[in-house]
Every structure is written in structure tokens, then in C-alpha cells.
Amino acid sequence: MEAALSLLVGLFVASAIYLILSRALVRVLLGIVLLGNGVNLLIFVAGRLTRGAPPIVPKGANVPAGAFANPLPQALILTAIVIGFALFAFLAVLAFRAYQAMDADDTDHMRLAEPEAQPQPPLEY
Amino acid sequence: MATHATPLADWLVILPVLLCLGGGALLLVLRRAPAWQPWLCLAILFGVLAVDGLLLARILASGPVSMTMGRWLPPFGISFTADAMGVLFATMSALVAVAVVLSLLGEAPESAVRDGVYPLLLLLMAGVGGAFLTGDLFNLYVWFEVMLIASFGLVVLAGNPLQLDAAVKYGIVNLVATTLFLMALGLLYGALGTLNMADIIGAAGKADRLVLTVIAGLFALAFAIKAAVFPVNAWLPASYHTPPAPISALLGGVLTKVGVYALLRVLALLPTERAMLSPAITAVAIATMLLGPLSAIAETNLRRAVGFLLIGGIGIAITGAATAGAVPGAIVYVGQSILVMAALYLVAGLIERATGTTDTREMGGLYAASSRLSIMFFALVLAIAGVPPFLGFWPKLLLLQGLIGAGDWLLALSLLLSSLLTLIAGARLWSFVFWHPRHAPLLRPPSYAPAILLVGTVLLLGVAPNLLIGIGMVAAHDLADPARYVVAVGLAP
Chain U
1 MEAALSLLVG LFVASAIYLI LSRALVRVLL GIVLLGNGVN LLIFVAGRLT
51 RGAPPIVPKG ANVPAGAFAN PLPQALILTA IVIGFALFAF LAVLAFRAYQ
101 AMDADDTDHM RLAEPEAQPQ PPLEY
Chain L
1 MATHATPLAD WLVILPVLLC LGGGALLLVL RRAPAWQPWL CLAILFGVLA
51 VDGLLLARIL ASGPVSMTMG RWLPPFGISF TADAMGVLFA TMSALVAVAV
101 VLSLLGEAPE SAVRDGVYPL LLLLMAGVGG AFLTGDLFNL YVWFEVMLIA
151 SFGLVVLAGN PLQLDAAVKY GIVNLVATTL FLMALGLLYG ALGTLNMADI
201 IGAAGKADRL VLTVIAGLFA LAFAIKAAVF PVNAWLPASY HTPPAPISAL
251 LGGVLTKVGV YALLRVLALL PTERAMLSPA ITAVAIATML LGPLSAIAET
301 NLRRAVGFLL IGGIGIAITG AATAGAVPGA IVYVGQSILV MAALYLVAGL
351 IERATGTTDT REMGGLYAAS SRLSIMFFAL VLAIAGVPPF LGFWPKLLLL
401 QGLIGAGDWL LALSLLLSSL LTLIAGARLW SFVFWHPRHA PLLRPPSYAP
451 AILLVGTVLL LGVAPNLLIG IGMVAAHDLA DPARYVVAVG LAP
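These protein sequences, in sequence, are chains U and L. Okay, so the first sequence: first residue is 1 according to my numbering, each after it adds one. Okay, so the second sequence: first residue is 1 according to my numbering, each after it adds one.
Derived from the structure by calculation, the hints contain no laboratory data. On a predicted model such as this, the values are computed, not experimentally measured, just so you know. We put the CB at the ideal spot given by N, CA and C, even for glycine. Keep in mind that a hint or two might mislead.
In silico negatives: residues of chain U with every beta carbon more than 12 angstroms from chain L [what the hints assert, rightly or not]:
1) A4
2) L11
3) G52
4) I56
5) K59
6) G66
7) A69
8) L76
9) F96
10) A98
11) Q100
To give a feel for the contact side, a few chain U residues facing chain L, derived at Cβ under 10 angstroms [as the list claims (entries may be wrong)]:
12) A14
13) A16
14) Y18
15) A46
16) R48
17) A53
18) P54
19) P55
20) A86
21) R97
22) E114
Model the full structure from these sequences, guided by the hints.
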């Protein structure tokens with residue numbers, strides 16, 4: 001099961017990188033969503049897949065009885081999902097505002113901050 | 001569960017973050033009282049500076065301080081662990097933040113205050129403080145993201161097309177970098193089963209070396225993007241010159257240094273893997289330290305040129321991740337570079353305001369008009385080039401000592417060449433901005449005071465560098481021999 005899920009993570013990351021290398025901002029954003037999901041799945045697999053009881057400590061005991069699922073990756077992923085969603089929401093709005101302001105969603109046409117035909121600096125002092 | 005409560009004095013570790021987070025929330029609540037915002041922000045930052053100073057004094061006297069949250073014993077609870085390196089950088093960042101707020105005081109338009117420049121700044125400082133003080137890798141990731149979202153806000157605050165363009169590139173590249181960091185984190189958890197930094201030191205010996213080397217490489221790539229190391233540095237000159245100068249100073253002085261800090265810290269946890277990666281890090285360090293100042297020579301936009309000088313400095317700072325001998329010098333270098341680069345961005349902002357342009361070819365004539373600006377810019381150029389007795393000289397001396405002692409002549413020679421190129425780039429900027437004839441009248445720039453505060457500190461630390469070097473030595477010792485750090489967290493060394 002771990003091997004299959006690892007391959008799936010690889011597929012997620014590979015397609016995410018392919019999308020992020022695109023010049024169109026919308027594809028880049030989709031790539032970022034895919035990358036985030038791939039990484040979340042990766043943390044889940046890295047925490048080992050166990051079929052066990054929920055990690056709830058019974059009354060009067062110090063540890064859960066028997067086999068139980070690892071709760072830490074789930075906590076990590078939950079945090080990562082929340083953070084990833086917030087940042088993605090910001091970037092989506094940013095891309096839309098940039099589209100409005102520059103009339104471009106192609107990074108080749110977004111050259112305000114780094115002008116294309118850079119003037120030569122003076123060659124003397 | 002922990003058997004006893006954390007001693008009250010140990011709460012000092014988390015105060016810099018608590019003050020900034022609480023202050024940011026308070027300023028958000030008080031958004032309808034714009035007149036109060038800068039003063040409250042300043043008061044909170046002075047508090048943070050004082051706490052950082054106390055923490056530094058305590059660490060120098062008795063070693064690293066740690067506190068674990070939620071009464072869970074380490075390595076299960078999230079630890080905040082302050083050692084000399086983290087607190088030195090946190091103190092310098094707080095000082096820069098004070099200067100930035102002082103200069104925003106005279107400069108920030110009403111709309112920026114209404115849109116929340118001060119709460120964003122405090123939240124950014126919360127992220128920076130958390131990143132420097134945390135002792136848990138996942139927590140480090142969370143603080144990176146706090147820092148990132150606050151810096152997005154600061155970059156796009158004015159919302160003109162130039163800044164939106166810059167923010168798109170800055171945002172996407174940095175989000176990909178933190179996602180790579182998260183990926184490395186997940187793999188490390190899979191290999192070691194722990195994310196507590198002190199626990200990683202102990203657990204790393206038992207895991208497969210090859211797996212850990214790949215993970216360390218992924219960490220190095222993620223932090224290299226954050227720090228703007230050569231092949232992955234293009235986002236920095238595309239974004240850091242677009243926000244108002246005080247914001248650039250904060251981003252340029254502090255944020256890239258958090259990337260360098262994370263690189264030094266995480267690779268120090270995995271020393272064997274660091275040795276495996278050393279040739280690659282050496283190569284990119286040399287490329288970064290030489291290409292940064294070379295690009296600055298070919299640049300005509302003043303703050304973009306400063307950004308390239310910043311990148312050259314990053315190349316010098318990451319030598320600390322390439323060779324163990326360079327660690328003390330690298331720590332002192334990063335500490336002073338936070339101040340010097342922020343000061344340079346502030347002074348560059350004043351120059352742009354005085355001349356009314358960002359293009360160095362159209363500047364000129366400032367030498368006669370403003371002696372204060374010319375002295376400040378000249379002192380800062382000498383400080384980043386490392387001319388004695390200015391501040392940049394001392395860390396470079398330590399670096400050369402360490403590199404030559406380790407027989408690393410290639411890095412040592414590149415460091416010297418990089419310093420020469422930096423001096424040439426700085427001198428060219430100085431001659432364009434101050435010496436060239438000028439026909440248009442000069443405008444009146446806003447207050448010089450915050451820039452004078454930072455430049456004064458730089459000059460003072462330059463003639464009295466013992467304190468800084470002493471802290472750097474303690475920090476490097478704790479990084480190379482983490483026994484004290486591990487004991488402070490409460491684990492068996």
C-alpha cells in the first residue's frame with residue numbers, strides 16, 4: 001500500500017512541477033494546489049499506514065491499548081492544509097488583481113518589476 | 001505529561017513571539033485609531049528588543065534556554081529553544097524593525113496605515129522571532145508561513161501594478177520553496193520519527209545515511225530559494241525594490257537571513273550529510289558571492305543594485321554551511337548583515353526620495369547637497385565591502401581565518417575577490433549618485449533619523465566588535481557541539 005501511495009505522490013509532484021513551469025498564471029496556481037496535496041499525502045505515507053484503532057487513551061491508562069493509528073501526521077497535515085489554503089486564496093486573488101492591473105496572465109508579459117530592455121549602465125566613472 | 005510547570009523565567013523564550021502576535025492582534029482591533037498605531041507598534045518592538053537583550057544576556061551567562069509547550073515532555077511537545085545564534089539574529093531583526101517603524105512614522109501615507117501596515121509588520125516580526133527561536137522543525141515551517149503571508153501583505157500594500165507584478169513572482173517562488181521545505185520535513189519524519197531539533201541530533205545516527213543526505217539536499221534547496229542563493233535567486237531582484245523603502249529594508253535586512261539561519265541550523269543537525277553536500281554548497285556559494293556584486297555593477301536601478309549586493313552577501317553567509325571552520329565567521333556575518341543591508345535599503349530610499357528617480361544614471365549632485373546622505377552611503381559601502389575598521393571587516397577576517405585554517409583556499413580567494421567586486425560596485429554607485437553633475441533641483445527627503453540610528457549602530461559595532469564576535473563564538477561552539485543545546489531541551493545528550 002505504501003509503495004502505491006508513494007507512486008501517487010510522485011505523480012502528484014511531477015504533474016505539479018509540469019504545471020508550475022508553465023507561463024500561464026492559472027496553470028501555475030493549479031500546480032501549487034497539486035504540489036500541496038502531493039506533499040500532504042507524502043506526510044501521511046511517511047507516518048506509516050496502519051489499520052488501527054483511533055489513538056484515544058482509555059480512562060485510567062497512560063497509553064492507548066493495542067495497535068492504534070499514528071495521530072501526528074494527521075495533525076501535521078491538518079495544519080499544512082489550513083496554511084496552504086490560506087496562501088492559495090491569497091495568491092488566487094493576487095493573480096486576479098495582477099490580471100486586472102496589467103491585462104496579462106502570461107508571465108512573459110509581466111515585466112514591470114524587471115524591465116526587459118535594461119539600459120546599459122555608464123561605462124565610465 | 002510534564003511533572004512540573006515551566007519556571008517563570010523560561011517564559012522569556014516565547015515572549016518575543018507572544019508580544020508581536022498579541023500586539024498585531026491589538027493593532028487590528030484598534031484599526032480605527034490610526035494615530036495610535038505607530039506608537040503602540042514602537043512600544044511593542046522596544047519590548048521585544050528588551051526581551052531579546054535579556055535572553056541574550058542569560059544565554060551568554062548560562063547556555064541555551066528551552067521551554068516546551070502544553071506540559072508535554074520533549075520530544076513530544078513543541079519546544080521553543082533559544083541559543084546564541086537565534087537570539088543574536090532576533091535581536092538584530094528587532095533593532096531593524098524599530099528603525100523601520102521610525103521611518104514609516106514620517107513616510108507612510110494614511111492609506112497604508114488604514115490598510116494595516118503596522119499590524120502586518122508586527123505579524124511579520126512574530127514569524128521572524130518564532131523562526132529564530134523555535135526548536136521544532138514543523139514549528140519552523142509554520143513560522144515561515146506566518147512570515148510569508150505577512151510579507152505578501154507588506155509588498156502589495158499600495159497595490160500599484162509594479163508591486164502586484166513583484167508580488168506574483170515573490171509569492172509563487174517563496175510558496176513553492178516552503179512547500180519543498182514541508183516535503184523535506186515529511187520525509188525526515190518518515191526516516192527518524194521525530195521533528196524536535198534536539199532529538200534529531202540523537203536520532204540521525206541510527207538512520208540510513210543516503211536517505212538522510214537526499215533529505216538534507218531537499219532542505220538545502222528549499223532554504224537556498226528563501227535565502228536567494230545563485231541559481232534560484234531571480235525572485236529577489238524582481239521584488240525587493242518595489243515596496244516603499246522602509247518595507248524593502250525590513251524584507252532585505254531580515255527575511256533572506258531567516259533562510260540562511262534555517263540552512264545553517266538544519267544542516268548543523270545533520271553534520272555527516274552536510275559534509276556530503278559540502279562540494280555543492282561550496283560551488284553555489286562561490287557563484288553567489290561573485291555574481292551578486294557583478295550584477296550590481298551592471299544595474300542602473302539603485303535599489304535593485306542594492307538587492308544584488310545583498311545576494312553577494314548571502315553567498316558569503318552560506319559558506320558557514322559548506323565548511324565547519326567558517327561557522328563562527330558566517331554567524332557574525334549574518335548578524336551584522338541584517339543591520340547593514342537594512343541601513344543600505346533605508347539610505348537608498350532616502351536618495352531616491354531626494355533625487356526623485358530610481359535610475360542611477362539620472363541621479364548625481366548629492367555630494368554637495370547632502371553631506372549626511374553621502375557619509376552614510378559611503379560608510380555602508382565600506383561596511384559591506386569589509387574595509388577595516390567598518391563592521392563588515394571583522395566577520396570576513398573570522399571567515400578567512402577559518403577557511404585558511406581548514407585549507408579551503410578556493411573559498412578564501414573567492415571571498416576576497418567578492419569583497420573587491422563589492423567595493424567596485426559600491427564605489428560606482430557612489431560616484432553616480434553623489435559625484436555626477438546634476439541640473440534638476442533636489443527634493444527634500446523625509447527624516448534622516450532612522451537611517452542615522454542604524455548607520456550609527458553599524459559604525460559603533462565596527463569599532464567595538466568584541467561583543468558581536470564573542471556571541472558568534474559561543475553560537476558557533478553550541479552549533480558544532482550541541483550537547484548543551486540537547487540538555488537544555490531536556491533530553492539525554
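Practice task
Grab the minimum beta-carbon distance between U/L76 and chain L and tell me whether it stays above 12 angstroms.
Solution key: 6 angstroms, violated
Handout entry: Closest C-beta approach of U/A46 to chain L relative to 10 angstroms, hint status
Key = Holds, because the Cβ-Cβ distance from U/A46 to chain L comes to roughly 3 angstroms (cut-off 10 angstroms).
Practice task
Verify the interface restraint on U/A16: the C-beta must sit less than 10 angstroms from at least one C-beta of chain L.
Solution key: Holds. Min distance 9 angstroms.
Problem - Residue hint U/Y18, partner chain L, criterion CB-CB below 10 angstroms - result: 13 angstroms, violated
Practice task
So, U/E114 near chain L? Judge it on the closest CB pair being under 10 angstroms.
Solution key: For U/E114, the interface hint holds, since the closest Cβ of chain L sits about 5 angstroms away, which is under 10 angstroms.
Handout entry: 12 angstroms Cβ clearance of U/A98 from chain L
Key = 4 angstroms, violated
Practice task
Could you let me know if the closest chain L CB is still more than 12 angstroms away from the CB of U/A4?
Solution key: Answer for U/A4: holds, closest chain L Cβ roughly 16 angstroms.
Handout entry: Consistency of the no-contact label for U/A69, given chain L and a CB cut of 12 angstroms
Key = Nearest chain L Cβ is 15 angstroms from U/A69, so the label holds.
Practice task
Over 12 angstroms to the closest beta carbon of chain L is the bar; see if U/K59 clears it.
Solution key: The claim stands: U/K59 keeps its Cβ more than 12 angstroms from every Cβ of chain L (closest is about 16 angstroms).
Exercise for the section: With 12 angstroms as the threshold, tell me whether U/I56 passes as away from chain L on beta-carbon distances. Expected result: 16 angstroms, holds
Exercise for the section: Return the status of the interface hint for U/A53: holds when the least beta-carbon distance to chain L is below 10 angstroms, violated otherwise. Expected result: 20 angstroms, violated
Exercise for the section: Say whether it holds or is violated: U/F96 keeps its Cβ farther than 12 angstroms from all Cβ of chain L. Expected result: U/F96 is in fact no farther than 12 angstroms from some Cβ atom of chain L, at 10 angstroms.
This entry does not satisfy hints 8, 9, 10, 11, 12, 14, 17, 18, 19, going by the numbered hints stated previously.
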